[in-house]
Amino acid sequence: MVGTVTSQGGALGSAGDSDGWVEELFYSFFKSLVGKDVVVELKNDLSICGTLHSVDQYLNIKLTDISVTDPEKYPHMLSVKNCFIRGSVVRYVQLPADEVDTQLLQDAARKEALQQKQ
Numbered sequence: 000m001v002g003t004v005t006s007q008g009g010a011l012g013s014a015g016d017s018d019g020w021v022e023e024l025f026y027s028f029f030k031s032l033v034g035k036d037v038v039v040e041l042k043n044d045l046s047i048c049g050t051l052h053s054v055d056q057y058l059n060i061k062l063t064d065i066s067v068t069d070p071e072k073y074p075h076m077l078s079v080k081n082c083f084i085r086g087s088v089v090r091y092v093q094l095p096a097d098e099v100d101t102q103l104l105q106d107a108a109r110k111e112a113l114q115q116k117q
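If you count by numbering that gives the first Met the number 0, then the sequence shown holds residues 0 to 117, one letter each, in order.
Treat the hints as calculated values from the structure; they're not laboratory data. A virtual CB, placed ideally from N, CA and C, is assigned to each residue, including glycine. A few of these clues could be false.
To be verified - Pair ranges (Cβ atoms, derived):
{"no.": "1", "residue 1": "ARG109", "residue 2": "PRO70", "range": "41 to 49 Å"}
{"no.": "2", "residue 1": "LYS80", "residue 2": "LYS116", "range": "43 to 51 Å"}
{"no.": "3", "residue 1": "GLY34", "residue 2": "TYR57", "range": "31 to 39 Å"}
{"no.": "4", "residue 1": "ALA96", "residue 2": "ASN43", "range": "20 to 28 Å"}
{"no.": "5", "residue 1": "ASN81", "residue 2": "GLN117", "range": "36 to 44 Å"}
{"no.": "6", "residue 1": "SER78", "residue 2": "LYS116", "range": "47 to 55 Å"}
{"no.": "7", "residue 1": "ALA108", "residue 2": "LYS35", "range": "16 to 24 Å"}
{"no.": "8", "residue 1": "ARG85", "residue 2": "LYS35", "range": "17 to 25 Å"}
{"no.": "9", "residue 1": "ASN43", "residue 2": "LYS80", "range": "43 to 51 Å"}
{"no.": "10", "residue 1": "PRO74", "residue 2": "GLN102", "range": "24 to 32 Å"}
{"no.": "11", "residue 1": "ASP64", "residue 2": "GLN117", "range": "37 to 45 Å"}
{"no.": "12", "residue 1": "GLU98", "residue 2": "PRO70", "range": "24 to 32 Å"}
{"no.": "13", "residue 1": "GLN115", "residue 2": "ASP69", "range": "27 to 35 Å"}
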C-alpha cells in the first residue's frame with residue numbers, strides 16, 4: 000500500500016495565510032522522509048521516481064537517482080539523474096506506507112490546529 004499526499008491548486012498555504020500551519024506541517028513531514036524513495040506526479044502527468052534529497056519551505060523537492068515511470072513517453076528524461084521540482088507543479092507525492100506514521104502525523108496536525116486557535 001502506498002500513501003499519497005496531495006497538493007491541489009499549488010501551494011498548501013503561505014506564511015500570511017491562516018492555513019500556513021498546514022504548509023509547515025507538510026514541510027516538517029517531508030523533511031522526515033529525506034533519504035526515502037518517493038514517486039512525484041506532476042500536473043503535466045509526468046511521474047518521477049527517486050530518492051528524496053531535500054525539501055524547502057515552499058515544498059520544492061530535490062530528487063536523486065531518478066527514473067520516469069513511462070520512459071517511452073519521456074525518452075529525454077532517461078539521461079537525467081537528479082532533478083529539482085517546483086512545489087507548485089506537484090500534483091501527488093506517493094510514499095511507501097511503512098514510512099508514514101499516521102498516528103504521529105494526526106497528532107502533529109491536532110497540535111498545530113490547537114496552537115493556531117490560541
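Tested hints:
1. Checking the proposed 41 to 49 Å range against ARG109 and PRO70 shows it holds: the Cβ atoms sit about 42 Å from each other.
2. Between LYS80 and LYS116 the beta carbons are some 45 Å apart, a value that agrees with the proposed interval 43 to 51 Å.
3. Evaluation of the 31 to 39 Å hint for GLY34 and TYR57 yields a failure: the beta carbon distance comes to about 20 Å.
4. A hinted range of 20 to 28 Å for the beta carbons of ALA96 and ASN43 is consistent with their spacing of about 26 Å.
5. Between ASN81 and GLN117, the C-beta spacing of about 42 Å keeps the proposed range 36 to 44 Å intact.
6. SER78 and LYS116 have their C-beta atoms about 50 Å apart, which keeps the hinted 47 to 55 Å range intact.
7. Here the CB-CB span from ALA108 to LYS35 is close to 20 Å, well matched to the stated 16 to 24 Å.
8. Taking the beta carbon of each, ARG85 and LYS35 are about 20 Å apart, inside 17 to 25 Å as hinted.
9. Restraint check, ASN43 to LYS80: a C-beta distance of roughly 20 Å breaks the suggested window 43 to 51 Å.
10. A beta carbon spacing of about 43 Å between PRO74 and GLN102 contradicts the range 24 to 32 Å that was offered as a hint.
11. The supplied range of 37 to 45 Å is met by ASP64 and GLN117, whose beta-carbon atoms lie about 43 Å from each other.
12. Look at GLU98 against PRO70: about 25 Å separates their beta carbons, and that is inside 24 to 32 Å.
13. The given range of 27 to 35 Å is broken by GLN115 and ASP69, whose C-beta atoms sit roughly 41 Å from each other.
Hint compliance for this structure: hints 3, 9, 10 and 13 are broken, all remaining hints hold.
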